[in-house]
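A.B. asks: Residue strings, one per chain:
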Amino acid sequence: MQLSTMNTKMTRIVLRAAALLLLAALAPGGLHAQMATKGTFALVGARLETISHGMIPNGTVVIRDGKIVAVGPNVTPPGDAQVIDCAGMTIYPGFIDAGTELGLVEVGSLPETQDADEMGEITPQMQALTAVNPNSVSIPVTRTSGVTTVITAPTGGLFPGTAALINLLGYTPDQMLVGNYHAMVMNFPSSARPWWDDRPDDEAEKSMKKAKDRMTDAWQRAVLYARIDSGYRAGRSDDRVPEFQPELAALAPVVRGTMPIMIEVNAARDIDSALAWVKANKVRAIFTGVAEGWRVADRIAAAGVPCIVGPVISMPSRSSDRYDKAYANAGLLRKAGVQVAIRTNESSNVRNLPYNAGFAAAYGMGRDEALRAVTIVPAQIFGVDSLLGSLDVGKQATLFVADGDPFEPATKVRDLFIDGYRVPMTNRHIELYKEFIKREPGLTK
Amino acid sequence: MRLTALPSLPSVSRSLVGAFVVLLALLLRVAGARAQDDAIKENDNDLGRTTRTFAIRNAKIVQSPGHVIEHATIVMRDGLIAAVGADVEIPFDARVIEGDSLVVYAGFIDGLSHAGLVQPKAETNLPRVPKPGDPPNDRAGIQSDRDVRNMLQPGDASVDSLRMAGFTVAHVMPYGLMLPGNGAIITLSGDKPGDMVLRGDASLGARFAPADDIYPATSMAIMAKFRQMYREAGRRKGLGNLYSENPGGMQRPVFDPTLAAFYPVIDGAKPVMFQVTSPLEVYRALALQKDLGFQLMLGGLKEAYDIEPVLKQHNLPLFLSLDLPKEKKNTPPAAADTSKKKDDTVSKSADTSVTNFFAERRRADTWRDVPDEQNWLTRQQRGSRRIFFGTPATLHREGVRFGFSTADMKLGDIRENLRLMIANGLSEDDALAALTVDAARMLGLEKTLGTVERGKMANVVVTSGNYFNEKSQVRYVFADGRMYEYNRPQAPAPGAKPDSTRSDSSKTSVAAAAPAQDTLVPNPALAQRRDAGRRGNLLIRNGTVLTVTNGTLENTDVLVRDGKIAAIGKGLSAPGGAETIDASGMFVMPGIIDAHSHIAISDVNEWTNPVTAEVWTGDVLDPYDIALYRALAGGVTTSHVMHGSANVIGGQCETIKHRYGTTDPEGLVMEGAPRTIKFALGENPTRVHGRGFGVHPNTRMGVEDVFRRAFTEARRYMEAKDRYEKEKKSNLRATGPEYNLRMETLAAILRGEIIIHCHSYRADEILMLMHVLHDFGVKRITFQHVNEGFKVAPELAQFGAMASVFSDWWAYKFEVYYSTAYNAAILTRNGVVTSINSDSPELDRHLYHEAAKTMKYGGLSRDEALKLVTINPAKQLGIDDRVGSLEVGKEADIAIFNAHPLSIYAICQKTIVDGVIRFDRDKDPDDMRMNIDLKRPVDASRIWKGDVDECMKGTQAFHQLILGE
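Chains as they are written, first to last, in our numbering: chain V, 1 to 445; chain E, 1 to 965.
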């Protein structure tokens with residue numbers, strides 16, 4: 001409803017009354033009204049984008065004990081279910097942003113509110129989950145776009161620490177963690193410069209070589225550490241107690257292949273180097289960023305390394321590139337057979353994940369593949385596809401109800417569930433809107 | 001080294017002595033580097049001058065380009081050429097040089113040089129300037145009171161280095177920044193500075209070389225400072241004359257030597273020598289000349305190829321830099337086999353063939369096209385380098401004459417670079433003319449220098465063969481009648497063949513010109529680069545026309561004539577010759593307008609002072625910025641190119657049209673658009689000035705004080721000028737206020753001639769500025785960003801202020817933490833004219849998408865959303881009578897999308913500016929650059945990071961934040 005269409009005094013009075021009721025709801029006594037609620041829900045009469053088994057034009061989803069217990073066209077809501085009429089609506093599995101700093105960074109220019117970048121080049125023992133602020137104002141802001149789940153990752157240096165997969169609901173980081181998923185983050189030494197870097201070529205080349213040497217050295221030591229540690233654990237009498245090296249201890253599971261490693265790599269020739277490195281060291285690699293992935297898409301596909309691409313809404317990496325190369329990259333990688341998920345690499349505007357997917361869809365990826373790139377594909381990459389990524393019985397009830405195509409900016413998310421909790425669709429942006437759309441007092445007291 | 005003396009010594013002491021001799025030799029070499037070890041002066045061995053008469057007999061004498069006498073003799077006596085000819089008598093006192101196989105040229109002339117000057121070391125740990133906005137002159141580079149004559153060092157190595165390349169005369173300028181001093185013409189000879197000077201006070205030097213973190217820290221401020229100084233110098237000069245005629249009863253005009261240096265310039269007695277390195281700097285120097293009307297000389301120009309017509313039109317004394325960019329290695333095209341040995345050769349040798357398919361489309365659509373693309377870009381880069389090297393030849397063909405400059409280059413590269421120019425088309429005669437007669441004429445030296453003729457100064461170069469042959473050597477240089485000998489041949493060993501280097505080959509031996517395939521193939525932008533003023537004719541047929549002001553019209557045609565919308569309707573027909581675009585199934589909307597941008601300018605912030613109203617982004621437009629094209633690809637046709645937000649009162653801004661393809665900065669300007677200026681509140685100015693420089697303002701209270709102070713001063717300035725105008729009528733000796741460009745600009749704001757665009761975030765500061773403006777009677781303002789505008793929307797509406805916001809950016813700093821993406825909707829609903837802007841070369845490419853978000857955040861209608869990026873920003877820039885909607889009579893700035901532009905699936909297909917298609921998704925190749933970086937490999941990558949405050953570009957705070965400095 002638009003205010004401009006309501007001109008009668010009557011509507012104004014009604015509106016004022018509604019506003020008063022709202023204020024009452026916001027008052028301390030009514031705070032619980034804003035809390036997530038758990039129960040048995042039946043979402044009826046909706047279009048279902050199941051991802052795993054196509055689109056169901058008119059179906060029902062039943063949620064109980066945090067799980068999807070029924071999905072389909074001929075599902076009868078159980079007697080105890082709270083029935084939610086979803087006529088004209090579409091239900092999607094919750095969107096997964098495969099790369100963010102959500103919860104780690106609150107305000108961009110205030111170091112006091114930033115916990116993504118620990119000092120030092122090699123700090124793999126840092127854990128993003130430790131510093132996730134469950135009460136970040138950005139989290140509810142993100143949810144209202146249908147994003148329910150994100151990778152939140154530390155940044156800076158060579159090995160900044162481990163990223164965690166979190167649901168955007170919980171009072172503690174542990175409650176948010178999904179599938180106990182942690183991945184080591186690595187920033188592969190980069191020949192691609194940030195856009196502001198105007199150092200002479202030889203200087204840049206030198207510092208890259210230095211970073212590569214450092215990487216090689218750290219990795220060799222981690223391999224040695226893992227061998228000593230394995231021997232010690234196996235109880236072999238001739239082996240020594242490993243030196244106390246928390247950095248190397250943190251890398252050991254990556255060396256052993258029990259923990260995946262997310263390698264941030266962007267320039268084509270760096271991707272080639274990274275592919276060689278992955279092959280030589282037999283790590284479980286996931287590439288992130290991959291800005292020039294399309295140039296070497298055949299080789300990434302052949303190596304079978306999954307890619308987390310983004311932000312999609314971004315600049316091409318070379319001034320000679322076609323203007324839309326960043327938009328097209330995800331689709332080009334997919335067409336070459338690469339497993340592609342999409343990320344925003346954002347903190348406060350992770351809410352734009354659907355639009356990043358939408359741009360990828362428009363510039364060659366197609367809507368279906370783009371939809372998969374923010375649902376089932378990241379779930380598969382993170383090994384949580386038994387929990388997330390599609391509307392299937394037995395999976396986590398992490399999904400949302402939208403009044404249209406969620407990639408379209410005009411679409412609104414009406415309802416959202418995380419792990420079976422119905423999460424109120426509000427946030428500070430909406431509350432400020434409600435308070436200020438028609439301010440009281442206005443110009444005069 | 002007399003090593004022959006050693007064998008008689010015992011072995012131990014021999015080695016000691018040997019070490020000593022080596023050490024001594026090293027020391028001598030070091031010393032020799034100053035005196036140039038190769039030079040043998042006429043007074044060698046401390047013998048002093050034996051004669052002032054020299055003769056070169058039986059030589060080839062090139063009197064001037066094209067005029068050669070074989071087997072001729074030249075006699076030089078007492079510093080002048082006494083005789084030249086085939087049949088010349090040699091005086092008895094002459095020192096005779098047998099000229100068999102030697103060639104004699106007129107001594108070369110360097111049009112802009114630092115020869116004879118000691119290059120100052122980069123000074124570190126200079127004391128902090130307490131007021132960066134008002135620094136001491138020497139730190140700011142305002143040294144127009146310096147005279148190069150007082151700085152000459154005849155023994156400096158540079159004199160001999162330059163002479164060794166054949167130069168005998170140079171126009172020298174002190175090292176320095178914006179105004180390094182006054183130049184002189186010197187001869188590259190003499191023992192005392194005074195001996196060297198042929199003409200003093202020859203020019204006033206100027207450069208676009210900003211000072212380090214103090215005013216003027218940008219080219220933008222240099223432009224303003226130059227205007228300020230020139231105009232105030234004019235005023236002072238007049239007053240000075242009056243005062244010296246009769247000082248009684250008149251206020252004494254303060255004498256400022258930095259201004260006094262301008263007096264002869266104003267009188268037309270002394271030219272300004274602007275050292276310009278790029279075409280953009282040429283335009284900037286010309287803009288100043290147009291404003292102020294002084295005599296202009298250009299020196300040190302490196303990339304002139306885009307401005308041949310401009311140089312031709314202005315016909316100024318011009319000295320091209322002899323510095324050329326060296327070819328860099330390019331990574332060979334990515335190959336599957338990366339184990340292959342590294343290719344260390346310059347890519348010249350690599351095969352750079354491309355498939356016909358690629359050559360036709362010039363698009364890399366998948367990984368399969370990448371080798372083709374790399375080869376193509378390598379060829380394009382080489383083609384561009386060829387054009388660069390061929391520029392002197394092109395200029396000559398166009399009838400533009402020039403000399404050369406060696407300022408700020410490695411003097412050892414001179415001859416090689418000349419050969420490169422010749423290999424790329426410059427004839428040897430023309431090269432020689434540039435080194436001699438043309439340079440002499442441009443410096444007003446043609447009566448005494450430039451040719452080998454009787455009566456001219458005895459300045460000649462004697463070479464072992466054609467100067468432009470790599471194997472030839474300079475053997476003697478005569479400067480002002482003094483002889484310098486170089487490269488004395490070793491006495492040939494008995495039976496050795498004659499030295500082949502002395503053969504007089506008439507062919508230059510530079511590698512043959514690059515293969516023909518390395519010809520630059522212009523993209524559509526380059527193809528129309530001389531076409532900025534074009535206005536097109538078009539018929540756009542059968543589209544869904546989103547007029548913005550008159551609703552949506554299905555199946556409708558838009559007819560464009562001479563760059564304007566001539567008709568909107570059904571069944572229109574194209575006048576003869578007009579291109580027709582079939583827009584069936586397409587959406588036709590007005591070109592998008594970005595009310596906040598920092599693209600296409602080479603400076604953003606003059607961050608050194610809280611008030612810099614005098615600077616202007618229009619002075620530093622950069623039409624080469626690829627961001628212009630990339631924005632076109634998102635439907636943008638007009639951008640408001642703004643000063644940054646470092647200062648409370650920043651610089652004036654420029655409204656440009658995206659006429660990508662023009663190389664003339666003026667070609668971008670939207671003619672007649674109202675003047676605008678940038679203000680800034682809150683964190684940025686207090687961070688830069690308060691926290692950064694330790695000067696006022698440090699708080700939002702201080703920001704208000706800066707405004708009130710500046711406006712009050714401007715008001716007083718206006719009053720003083722008014723009083724002066726009145727007083728002048730009765731008192732010819734009235735003095736009036738000093739000319740102040742800053743105050744002139746502020747006064748124009750108070751008179752309502754400039755629209756304010758104010759960077760702002762918090763509600764309180766927005767209210768503050770409205771109070772200030774109310775008190776000073778200023779009405780027209782658009783608040784920019786204005787993230788908390790929603791909190792004071794009724795006040796904004798009441799004031800008549802407008803708002804230009806982000807769709808959803810927030811939390812990037814504390815003052816935007818309490819933001820809402822519903823801002824645009826709340827402002828719109830409260831009657832505030834609102835636009836959505838980009839402030840980013842990334843975001844401006846999808847402003848249509850940013851506008852679409854307001855349908856989600858606040859439920860705006862489609863038409864309301866479209867207005868946010870079309871007619872509303874047009875209103876904010878005062879151009880809504882010309883652009884911003886599709887109406888008959890408006891300018892034909894149009895974007896065509898394949899779906900409704902507010903849909904995520906919409907892709908812009910064509911963007912039209914003034915009826916000219918400037919972006920065409922179907923036809924344009926990948927690489928749409930206007931210039932190609934010759935210094936970087938073609939596969940150099942840069943990764944975009946979006947969360948950067950563009951508004952703070954240039955400032956220390958920006959550097960600290962982004963570069964971690």
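Source of the hints: derived by calculation from the structure; they are not laboratory data. Treat the hints with care, since some could be wrong.
With a cut-off of at most 25 angstroms between alpha-carbon atoms, the simulated DSS-like pairs for lysine-lysine come out as follows [what the hints assert, rightly or not]:
| id | chain 1 | residue 1 | chain 2 | residue 2 |
| --- | --- | --- | --- | --- |
| 1 | E | K326 | V | K206 |
| 2 | V | K210 | E | K192 |
| 3 | E | K302 | V | K209 |
| 4 | E | K945 | V | K206 |
| 5 | E | K945 | E | K923 |
| 6 | V | K212 | E | K302 |
| 7 | E | K302 | V | K206 |
A.B. asks: Kindly indicate which numbered hints from before are broken by the structure, ordering the numbers from low to high.
C.D. replies: Hints 2, 3, 5, 6, 7 are the ones this structure does not satisfy, whereas the remaining hints hold.
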